[in-house]
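**Q** With these hints in hand, go ahead and build the complete structure from the sequences.
Residue numbers (the numbering used here), protein chains in the order written: chain A, 1 to 146; chain B, 1 to 387; chain C, 1 to 172; chain D, 1 to 355.
Calculated directly from the structure, the hints in this document are not laboratory data. Owing to the predicted nature of the structure, the values given are computational and were not obtained by experimental measurement. Possibly wrong hints are sitting among the right ones.
[Unchecked claim] Taking beta-carbon pairs under 7 Å as the criterion, some of the chain D residues facing chain C (in silico):
| id | residue |
| --- | --- |
| 1 | Val21 |
| 2 | Asn22 |
| 3 | Glu25 |
| 4 | Asn42 |
| 5 | Gly59 |
| 6 | Asp69 |
| 7 | Ala70 |
| 8 | Leu71 |
| 9 | Gly72 |
| 10 | Pro115 |
| 11 | Gly116 |
| 12 | Val121 |
| 13 | Gln124 |
Each residue gets a CB set at the ideal place from its N, CA and C atoms; glycine is no exception.
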Amino acid sequence: MSQPEILNQAFELGYTYTRSTGPVVGRFLTGLKNRKLVGIKASDGRVIVPPMEYDPDTAEELSEFVDVGEQGEIVTFAWVKEPREAHPMNEPFAWAMIKLDGADVPMIHCVAAKSESDVTTGARVRAVWADETIGFMTDIRCFELV
Amino acid sequence: MANLAAVVGIGQTSYTTKREDVSIAGLVREAAVNALEDADLTWNDIDAVILGKAPDMFEGVIMPEVYLTDALGCNGKPMIRVHTAGSVGGSTALVAASHVQSGMFKRVLTVSFEKQSESNAMWALSNPQPFSTHLNAGAGGYFAPIIREYLRRSNAPYDAGIKVAVKDRLHGARNPLAHLQKPDITMQEVEESFMLWDPLRYLECCPSSDGACAMVIADEELAKKSPKPPAWIRGVAMRSEPTMYAGRNEVNPQAGRDCAADVYKQAGVSNPRKDFDCAEVYVPFSWYEPMWLENLGFAPEGEGWKLTMEGATSLDENGDIPWNCSGGVLSSNPIGASGMIRFAEVARQVRGDAGEHQVDGAKLALGHAYGGGAQFFAMWVVGSQKS
Amino acid sequence: MSEEEQEMITKVEAPVYLKYNFTAGSAPTRFLAQIKKGVLAGQRCPKCLAVYIPTRGSCGRCGVPTVEEVELSDKATVQSFTIVSIPIPNNPIEPPFIIANVVPDGANVSFIHLMSECVNEEVHIGQRVQAVWKPEDEWGYSMDNIRYFKPLDEPDVPIELIGKLTVTGEEG
Amino acid sequence: MKEIAIVGYQQSDSRSDAGAVNEVEMIMPVLERTFAQVGINNAQDVDFVCSGSCDYMQGAAFAFVAGVDALGAVPPIKESHVEMDAAWALYESMLKIRMGHADSALIYGFGKSSPGELPIVLSQQLDPYYLAPLWVDTISLAAMQARMMLDQGLITERDMAEVVSRSRRNAMNNPHAQLSGDMSADDVLAQETYVSPLRKGDCCPVSDGASAVVIATVEKAKEWGVPYALISGISHAIETHNMGMRDITDSVSTRIAAERAGMKAGKVDVAQLYAPFSHQEIILTRALGLGDETSINPSGGVLAGNLMMASGLSNIGEVFNRIISGEAERGIAHATSGPCLQHNLVTVLEKAEKA
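**A** Okay, structure coming up:
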């Protein structure tokens with residue numbers, strides 16, 4: 001038995017996926033389409049953005065929507081020097097947990113900045129909307145430093 | 001000896017081509033909440049969650065238990081995800097039962113689901129892999145040659161499959177949750193339906209459904225306190241064999257026979273046709289009813305089709321051993337949940353809670369699931385009595 | 001009803017495409033290297049001696065690697081088949097067509113392939129068939145080097161001998 | 001309740017690219033060595049088999065079905081599979097033994113992660129509406145977690161580098177390790193940042209490989225006449241999928257699992273912690289309350305080689321190795337799943353009393 005050569009071939013695994021949202025996720029995405037951010041009130045009163053369907057502590061169904069601001073504060077971040085092909089940005093950027101004004105629980109999105117040193121925990125950021133909003137997470141193109 | 005365990009709550013969604021009104025979490029949640037309500041319990045009463053589904057690619061969510069934690073009230077609790085191909089709903093129920101039978105848990109929730117409409121895939125997940133021939137025409141294309149070999153061996157009449165297709169849809173018409181509602185289906189309609197994979201016609205094949213099924217399984221003490229009658233788990237078994245090996249009996253797989261023998265022994269069943277009042281058996285293609293009648297020992301080898309043709313498996317014909325009273329996989333097929341639906345439906349039967357498809361006085365019943373190339377088997381026997 | 005409610009989002013398009021670099025296993029690679037040369041190479045299990053094609057790396061029965069290579073005939077027997085009346089995704093072949101489980105002489109397991117140059121209604125279990133190859137300059141690392149199997153004018157193989165013939169087509 | 005022991009453990013080399021070897025070919029040699037260690041022929045000689053794997057690692061549905069081809073499953077066997085790290089397959093096997101349906105079990109896990117872009121593949125574990133569409137990779141999530149700890153003064157970059165240094169040095173004694181060497185904390189700190197604040201060294205490598213374990217009742221272990229260690233406790237717990245709702249500087253579920261598994265009942269000589277990122281080892285060490293008396297990740301841990309779907313099981317095996325060698329009397333093994341330590345399993349192993 002001779003040593004086998006290695007046979008490689010690139011392939012793509014994927015499907016289009018059409019997701020039904022249900023009322024809670026749908027409400028948030030509808031907000032995005034209208035360039036508004038909406039959260040939901042947890043059983044303990046904390047405002048969660050994007051809204052969760054079920055409370056992590058009590059498992060109860062959540063339904064009390066709360067409007068939140070499109071500005072917020074960076075809670076923590078990661079600086080991506082070399083964006084990956086799948087990433088939403090082509091230039092170096094930050095992933096951040098962002099606590100929006102009126103929210104108690106941070107959300108994750110990307111932050112555009114020229115360099116890592118421009119980004120700090122506690123920095124204020126503002127949502128940058130896509131030219132066309134369709135009701136999808138990428139309607140927020142990114143956040144930018146205020 | 002295993003500790004006693006019983007099903008004390010059952011919840012299902014209705015089954016349909018596309019559940020467009022809920023998220024994935026919402027779908028799973030619906031079945032789980034129905035099971036909790038059926039058991040008159042709350043999330044706090046649950047000690048662990050056991051989740052099952054078929055390949056993650058159906059929804060494109062990898063290891064979805066991670067995302068479904070909150071929908072299933074699992075924060076701070078153990079969560080386990082089972083995947084054994086098409087048999088997974090059954091295997092998941094068995095893993096859930098083992099949590100209680102081991103004495104390690106008092107009461108657990110088990111849920112299985114598929115929201116396979118999300119993938120928009122025509123024949124589920126048949127995307128080509130490099131270096132292999134692209135002849136994958138769906139599960140029917142795989143099983144049709146095996147069915148043809150069964151026909152050769154058994155000399156079964158050509159319309160035994162048609163009879164099953166009609167019978168299970170008539171059963172399904174009694175079950176408001178069933179995906180296909182065809183109360184007026186006829187032999188002629190099935191026979192005239194499009195021949196997809198000869199000898200399988202369109203109406204001899206299962207639909208593709210979205211849906212979820214859930215059960216609460218409790219130990220003896222808690223089961224006794226349960227408001228509705230428990231379905232006592234009298235036997236549990238699983239068996240696997242390789243997809244392909246020289247001399248493999250694909251028509252009548254040894255893994256199925258061994259699994260049945262194991263579960264019957266535990267439940268004290270010597271003559272399944274007599275001892276069981278009904279069975280829910282994984283029949284995604286009509287001909288698998290006669291094939292499994294033989295594999296599971298309800299009929300001698302080569303004679304399963306006779307029971308089918310006699311109406312022995314039909315509720316409408318007052319058969320002595322009704323199979324798939326809920327309509328079976330031929331009426332609803334959310335793949336990851338299909339096995340658990342079988343297990344849950346027999347529990348409904350022995351609890352006397354199966355509505356219009358109830359078998360009068362059902363006391364002992366077999367739930368069955370299979371997967372892969374008919375190589376993975378999961379079975380349980382449930383009874384209205386502990387022993 | 002407010003304007004917002006009228007336009008409630010209920011579904012989203014969320015494609016998920018992931019790139020992989022697939023590597024054929026080492027046993028499959030040896031099979032593929034042979035078929036590139038127009039040879040159907042089986043691999044024998046060292047324990048039960050069954051010959052597999054195309055091998056996946058092990059004998060499923062014994063759970064051990066299949067090592068010894070065995071050159072097989074491109075004549076085969078139909079173990080079973082189905083007539084498919086629907087198209088296969090990403091495959092240009094037009095229905096109805098026959099997908100048969102064929103066992104090449106010298107092998108003990110079948111693989112699926114197309115059958116053609118036949119009357120669909122006359123295809124049967126035990127029928128003798130032979131591979132029809134693509135032109136040599138089109139051969140690659142693929143079972144698709146065989147375009148399809150066509151019927152042979154030879155007597156049927158008795159059921160109990162299907163999967164048991166030697167490489168010369170004799171009773172094993 | 002029947003006492004359960006671990007009697008065998010083997011792992012393949014952890015390799016950045018297993019090359020031509022496919023899954024079944026990766027599993028078979030590991031199983032062969034495991035069977036030899038226990039003195040059994042194949043999977044027919046155990047009562048139950050359970051595996052852990054994930055289709056998306058190699059990008060093919062039903063990847064685990066190929067695993068069955070490695071078992072010699074004729075006649076058919078009692079077998080099951082979790083789409084999780086095989087540590088959870090061990091958990092399922094424990095239930096099977098405790099319920100009296102098995103006296104022994106083979107557990108194996110395997111992952112060929114090199115064919116895909118693992119951090120991006122794993123982004124599809126996240127919330128399918130809010131996060132998966134953004135393709136937030138696992139390294140970035142961990143980097144945010146690390147920064148939060150740095151900002152709060154819970155750790156320093158040097159603390160992280162020291163974890164890496166110890167991992168690489170410990171791995172020098174682990175023949176299966178992928179990354180090992182005499183690397184100092186200063187060497188690590190000299191690396192430029194990768195996904196800041198993480199350096200490459202702070203992140204586990206992408207690895208291909210498999211591992212296997214055999215467990216059995218103590219009676220069966222004695223019958224086999226092989227060295228064994230007792231599994232005195234095992235438990236796991238998951239947390240909310242919303243990372244914003246978790247304190248990601250802590251691991252509450254690890255603490256819950258350790259309590260339920262009875263970790264505190266005795267001294268912990270050795271701990272194998274599944275920490276794919278250096279700072280996560282510190283989170284786990286603190287959540288578990290481990291101190292200087294405990295040797296952490298003597299194998300080098302997953303920073304020296306991360307077999308997705310198998311390393312959690314390997315951790316159990318590594319503790320077993322140290323108990324039967326006499327290096328330790330009692331230890332814990334940890335496994336994790338999900339982003340930023342969302343789901344955690346703790347196993348407690350103890351030296352068996354002299355028979």
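**Q** Is the hint on Leu71 (chain D) kept, meaning its closest Cβ partner in chain C is under 7 Å away?
**A** Holds: closest Cβ of chain C sits about 5 Å from Leu71 (chain D), inside 7 Å.
**Q** Is the shortest C-beta separation between Pro115 (chain D) and chain C less than 7 Å?
**A** OK, holds: Pro115 (chain D) within 7 Å of chain C, min 4 Å.
**Q** Quick one, is the Ala70 (chain D) hint okay against chain C at 7 Å, beta carbons?
**A** It holds, given that the least Cβ distance between Ala70 (chain D) and chain C is near 5 Å, below 7 Å.
**Q** Report holds or violated for the interface hint on Gly116 (chain D), using the least CB-CB distance to chain C and a cut-off of 7 Å.
**A** holds (5 Å)
**Q** Going by Cβ atoms only, is Asn42 (chain D) closer than 7 Å to chain C?
**A** holds (6 Å)
**Q** Restraint: Asn22 (chain D) near chain C, CB-CB cut 7 Å. Satisfied or not?
**A** Result: holds, 3 Å to nearest chain C Cβ.
**Q** Please check whether Val21 (chain D) passes as an interface residue: C-beta within 7 Å of a C-beta belonging to chain C.
**A** holds (6 Å)
**Q** Identify whether the interface hint at Asp69 (chain D) stands, where standing means a beta carbon of chain C within less than 7 Å of its own.
**A** With a closest approach of 5 Å, the Asp69 (chain D) hint holds.
**Q** Hint validation: Val121 (chain D) versus chain C, beta carbon distance must be below 7 Å. Holds or violated?
**A** holds (6 Å)
**Q** Measuring from the C-beta of Gln124 (chain D) to each C-beta in chain C, is the shortest one below 7 Å?
**A** Since chain C brings a Cβ to about 6 Å from Gln124 (chain D), closer than 7 Å, the hint holds.
**Q** Go through the hint on Gly59 (chain D) and say holds or violated, using the shortest Cβ distance to chain C against 7 Å.
**A** holds (4 Å)
**Q** Closer than 7 Å between Cβ atoms is the bar; does Gly72 (chain D) clear it against chain C? Give me holds or violated.
**A** Interface hint status for Gly72 (chain D): holds (3 Å vs cutoff 7 Å).
Violated hints: none; the structure is consistent with every hint.
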